[in-house]
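A.B. asks: Heads up: the protein sequence lines correspond to chains A and B, in order. Under full-length UniProt numbering, the first residue of the first sequence is numbered 1, with each subsequent residue one higher. Under full-length UniProt numbering, the first residue of the second sequence is numbered 1, with each subsequent residue one higher.
No lab work stands behind these hints, which were simulated from the structure alone. Glycine included, each C-beta is placed from N, C-alpha and C at the ideal position. Please note that a few of the clues may not be correct.
[Stated by the list, open to error] No more than 25 Å apart at the CA atoms, straight line, and that leaves these computed lysine to any residue pairs for SDA-like: (1) K196(B) - L37(A); (2) K118(B) - D31(B); (3) K118(B) - R31(A); (4) K196(B) - A233(B); (5) K196(B) - P86(B); (6) K196(B) - A23(A).
[To be verified] Counterexamples of contact, computed for chain B against chain A with all Cβ distances above 10 Å: (7) S24; (8) D138; (9) A203.
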Amino acid sequence: MNVWIAIAVTAVGCYLVKYLGLAAPAGLLERPLVKRLAALLPVALLAALTAQQTFSDGRHLMLDAKAAGVAAAAVALVLRAPFLLVVGVAVAVTAGVRALGG
Amino acid sequence: MPEQTEIRTTERAAPPPPAPPATSDAAVIRDALGVGIAVGLSGFAFGVTSAGAGLSLLQTCALSLLVFTGASQLALVGALAAGGNPLTAAAGAFFLGARNAFYGLRLSAVLGYRATVKPFAAHWVLDETSAVALAQPDRRSARLGFTVTGLTLYVLWNLTTLAGALGAEALGDTETWGLDAAGPAVFLALLAPMLKDTVERVAAGLAVVLVMVTLPLLPTGVPVLVAALAAPAVLVVQGRRGQGTAQGPRADRADDHGPPARPEGTSASRPATEEDPA
């Protein structure tokens, strides 16, 4: 039951947040500060999510094969590989390093 | 007979106008499908993770259908698996989902949907749909990119969630297959095109430092929110420097949905903090 409460609260909260952004008055966008903040926040959040998912299990810092996979993905990005290939490289390299490392 | 001539003339006149948008539509659809398919498939990893965390098939699928924002779903499942109470777990997921408000804020002007459409479009406001839509040069392509990415992603994400949850036991240890690397790789691929200027790079670097430092100390979901403070922090520093050198308003107000204008002369004195080398 507790899990269903968590799911319901998350679903409602996440939907409202999405809708709020989309339905916000247009005038808000004309403020330069809000505009620059809205452009910069996803950058900060995506960087943080990338680092968190690469170097932790959610709670503890760690360094494992995933880091090699994400590094390979970064190389693929620099080489302008398509999106699907970038993700594929990360998964394949991670699996490969784990296989080699036992 | 005159009718036939008219039809012929319109037929003859018709081909030129659709030709240029047709090629660009194809390009938009190709990009949108690329993103939608790549990320949609990672629903498999979510399904597996969720089932592995002890959620039922129905709960796992409900999350993908109703929450439909991958990072939040993974955060919730991770927190529940770690034994967090439901409201704390939901708070972490909510904080992660809060970024979608800012995507919506930017998408609102670009997509220009009517108020009646917005409640439906809102469910698809995500990293991926925003990245595709905001990359388009005009409203028509932006709407097309948003819709194709959203639809592809929603359908695939939910199908692969189901498949992942069903296959969790069959597959054994999902980490053996490297599926846990898909999430960060997706985030990195979405982030990379945004790192055009020093301001973006500094914000990204600072966010990485903040999340790494706070991760062992704060509850799940909170470190990412703390890291988001990198954005206002960088803007404050940039604003102070701007006041010190120039009194006039900054030159980025005409910038519609591109990145903030490059600050004059600050790049040399403030080297970009690179992300941790993996």
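A.B. asks: So, for every hint listed, does it hold in this structure?
C.D. replies: Evaluation of the provided hints:
Proximity of K196(B) to L37(A) is assessed by CA-CA distance (about 16 Å); at most 25 Å being required, the pair is judged to hold. Pair hint K118(B) plus D31(B) holds up; C-alpha atoms about 23 Å apart against a cutoff of 25 Å. Proximity of K118(B) to R31(A) is assessed by CA-CA distance (about 22 Å); at most 25 Å being required, the pair is judged to hold. With a C-alpha separation of about 18 Å, the suggested pairing of K196(B) with A233(B) holds against the 25 Å cut-off.
As the CA atoms of K196(B) and P86(B) are separated by approximately 39 Å, the hinted pair breaks the 25 Å bound. A C-alpha spacing of about 28 Å is found between K196(B) and A23(A), which places the hinted pair above 25 Å, so the restraint is violated. Distance to chain A confirms S24(B) as a non-interface residue, since its nearest Cβ pair spans about 18 Å, more than 10 Å. No Cβ of chain A approaches the Cβ of D138(B) within 10 Å, the least distance being about 18 Å, so the stated non-interface status holds.
Consistency note on A203(B): stated as away from chain A, yet its beta-carbon is not over 10 Å from all of that chain's, at 5 Å minimum.
In this structure, the earlier hints numbered 5, 6 and 9 are contradicted, and the remaining ones agree with it.
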